[in-house]
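Model the full structure from these sequences, guided by the hints.
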Amino acid sequence: MIKLCKNLIYFVLIFLKKKNYTIKLDIVNVELADGETVRMRELYRGSDLAEENGWTDEYLDECFVAVRAEYDAEYDGSKTFLTSGSIRQNFYLTKDEETGLWELFDNTTPF
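Quick note on numbering: the sequence shown equals residues 318 to 428 in this note's numbering.
No lab work stands behind these hints, which were simulated from the structure alone. Think of the CB as a built atom: it goes at the ideal place given N, C-alpha and C, for glycine as much as any other residue. Take these hints with a grain of salt, some might be off.
Derived Cβ-Cβ restraints for the label pairs, each shown as a range [what the hints assert, rightly or not]:
no., residue 1, residue 2, range
1, I344, L418, 20 to 26 Å
2, E368, T400, 32 to 38 Å
3, L366, T426, 15 to 21 Å
4, D374, E415, 16 to 22 Å
5, T373, T416, 16 to 22 Å
6, R356, S401, 25 to 31 Å
7, E420, Y338, 22 to 28 Å
8, R356, K396, 32 to 38 Å
Next comes the structure, spelled out in structure tokens:
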């Protein structure tokens with residue numbers, strides 16, 4: 318599971334790297350964010366969002382993870398509002414119980 322989740326985030330960052338406004342993007346680190354996973358699971362438990370998505374507490378425990386990526390990016394400021402520099406960003410993944418595949422549910426604004 319860990320490898321699949323990390324690979325998905327690598328794919329997302331490679332997609333970002335190929336955008337016409339990206340001059341350079343180097344991935345520094347991608348890792349499971351255990352503390353963020355716990356925090357977000359607790360935030361979602363019993364929430365309207367969980368109800369809308371059919372997420373039970375058990376589903377959140379087994380099929381929701383946060384992955385933190387750190388990367389260095391240089392963007393063309395004439396083509397995007399994104400800020401260049403050393404960036405950290407959280408990505409939230411959910412697992413499709415039918416296919417077993419992990420999907421990108423959401424992400425934070427880079428920080």
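Problem - Contradicted hints - numbers only - result: none
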